[in-house]
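Residue numbers (UniProt numbering), protein chains in the order written: chain A, 1 to 388; chain B, 1 to 388.
Since the hints were made in silico from the structure, they are not lab data. C-beta atoms are modelled at their ideal positions from N, C-alpha and C, and glycine is treated no differently. Among the hints, a few may not be true.
Computed list of chain A residues with no C-beta within reach of chain B, every gap over 12 Å [stated by the list, open to error]:
{"#": "1", "residue": "Glu4"}
{"#": "2", "residue": "Asp7"}
{"#": "3", "residue": "Glu19"}
{"#": "4", "residue": "Lys50"}
{"#": "5", "residue": "Pro82"}
{"#": "6", "residue": "Ile105"}
{"#": "7", "residue": "Gly106"}
{"#": "8", "residue": "Arg111"}
{"#": "9", "residue": "Val159"}
{"#": "10", "residue": "Tyr181"}
{"#": "11", "residue": "Trp185"}
{"#": "12", "residue": "Glu370"}
{"#": "13", "residue": "Gly372"}
{"#": "14", "residue": "Ala373"}
{"#": "15", "residue": "Gly374"}
{"#": "16", "residue": "Gln379"}
A short, non-exhaustive set of chain B residues, derived as facing chain A with CB atoms under 10 Å [claimed, not checked]:
{"#": "17", "residue": "Arg111"}
{"#": "18", "residue": "Glu113"}
{"#": "19", "residue": "Glu115"}
{"#": "20", "residue": "Lys353"}
{"#": "21", "residue": "Lys363"}
{"#": "22", "residue": "Leu371"}
{"#": "23", "residue": "Gly372"}
{"#": "24", "residue": "Ala377"}
In case you want the letters, here they are:
2 protein chains.
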Amino acid sequence: MFKEKMDLRLPGPVQVPKEIQIAMQRSFDHPMMDYRNPAFQEVLQETVEKSKMIFQTKNLVVPLTASGASALETAIINTVGPDDTIILCIVGYFGEYLQGIAKHIGCKVVRVEAEWGDIVDPEEVRKSLKENPEAKAVFATHCETSTSALNNIKDIAAVVGETDALFLVDAVSSIVGAPLYMDEWGIDIVATGGQKALMLPPGLALITMSDKAWDVIDGHQCPSFYFDLKLYKKGLESGVGTPYTPNIALVCGLLEACNMIERSGGLESEYKRHAALRDMTRAGVRALGLELLVEDQAASPTLTAVKLENADGFRKMLREEFHIALGGGLGKLKNKILRLGHMGYTDAADMLKMFAAMELALKKSGYQVELGAGVSAAQRHWLEHPHC
Amino acid sequence: MFKEKMDLRLPGPVQVPKEIQIAMQRSFDHPMMDYRNPAFQEVLQETVEKSKMIFQTKNLVVPLTASGASALETAIINTVGPDDTIILCIVGYFGEYLQGIAKHIGCKVVRVEAEWGDIVDPEEVRKSLKENPEAKAVFATHCETSTSALNNIKDIAAVVGETDALFLVDAVSSIVGAPLYMDEWGIDIVATGGQKALMLPPGLALITMSDKAWDVIDGHQCPSFYFDLKLYKKGLESGVGTPYTPNIALVCGLLEACNMIERSGGLESEYKRHAALRDMTRAGVRALGLELLVEDQAASPTLTAVKLENADGFRKMLREEFHIALGGGLGKLKNKILRLGHMGYTDAADMLKMFAAMELALKKSGYQVELGAGVSAAQRHWLEHPHC
């Protein structure tokens, strides 16, 4: 078979819908869009306005021409300085990542952690805030992409909200897929990227800040020039635009992504759709006799981690023989898990295809698996439960 | 779900691989390729040369900027005139189509037919040739796309080869997918289109002629200016190119399609791959308790027709709920069959996905179907039989 063919069941990047590709392409077709031109400024303002919906917020949303990781750094360096204390909720590889950023700028890091695959107990955050009253901020990963566990952001937000500390959330792999209500829950900063359930190619990060966060940011000396949020606020609110050349194509792509989400029923419908994909996936995995890494109540709607010996050999077989790419383990989970992505432009039939191919690959790898078992369990779940 | 999402399991057009899209796009990127420029003439000569492989021939292959249907007409009007007799092997909607063309120019048509779903008996062709010794040509559909039956072109060619009549073949939906050896079998004209197993968007037809055919063509007054093959031969053999502006993008796409087929193992491997997809599809259909329209020995490797009451309602459900488009019945089979395409850029996992979705849709339509039954039968077939 043609070796170029590939279905992405990765935890990002995901398949970019043709509509988004076209919207991006248009932006650099002749003539290339000029970013200081009023035509683009209108697109930018409309995009920034529409993307508030993604975060369920009324706050200004700032697009950064950079990858998702930059939004995490931007959240920290605009609010916390060297020698300040930051509490990090760490439940996997991307939690450790936050520590890497905080240590890099010389913060004092306090860890509230859980085993990889588990999530943080909000009461532990309360305890930590009491023990570290000087803490300027608490930063939690929403969906820990390395384990597929989803932290209880709502409850952590309530705990942090009782203090003066800011609550920062890494929503890179949860946004659009997992419910997140920035204003209602009282989150101060949400940082995310476009290449997950937002269905964009990589290169755009988004960050949005509460008034409480802006009070801190406005009085804080940001060590970075490029990621100084004060400059973005000034530019976007005055109608001048971003302070530096924006990724015009990705801004146009983001606008189309927002329009697509609206056309297909809105964000609440996206939450339900992703939850249904997660639940049918978990039903299929169980029917194959494989073990899920994360308990039901902490499972992310955007991806599902499955324990498997020699997972990377299995992924290779699935890629080469069935043209389906699955995610693998990171850090200490390397070669020990599969990460099945079901975010963005993915439907029930895509997941059934993945199970059908997984069954064949398991059989060929010597596993005792009944052909059709995973598919039919996932099908049954889909039939018997509501979905969008 | 996003309503733009769609998997094509149609009997053409089929999914156009990204590589072909890119090759086409390049041809009209700035600067637009100039078709009289030596650069394009080189591409054209290389494409014409490479596409001989598709027909297993050493004969000149002529690209026509027109749809596949035009190649059928071109075959007839370049060899047969008004009042000439032509024998047509008719086993479905596209066989009737040939009669439409022949009647249009005033030929005397002799029908050798079989029920829709069945194929022509080569002995009937022999009988017809004896009864109509004045017949100038015999024209047979290779894969009858309306029924998924594959005529026995090799044996019919042997029968016609014993006479002075030319043997013309409509290979639109068989080319690349079903074995066809023009020179070895002694076929005089093969006509085809690009939008089936060649994986191109519609708009390009290909036709190739034996020496025996050229002898007739050279002495025949073609009533069409645009489809006069003599002019194409002159242009292509002298290096001037096609007599009229060619579809440059599709010529570039055809070259990439040939290269893709070469890279993935060549034409014999494509034949095996398509046969394996057909066989797993038939196993899956049987396991669902549905009836195949065509017997095993006459089944095309490129598509499979399945009897189903209210097939068009079922197709609608599959499109809307699972984002998979199946073909429906034509003519007297309208609403009575599904046509499942497995040609071109399609793999085993794509077919399993289709079965998983079909099972759900059958269940929702009130059929007694065991979830996973079609998928697992197709999986088993795939595991237990060789494939490319």
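Any hints from earlier that this structure breaks? Give me their numbers in increasing order, please.
-> Numbers 1, 2, 3, 12, 13, 14, 15, 16, 17, 18, 19, in rising order.
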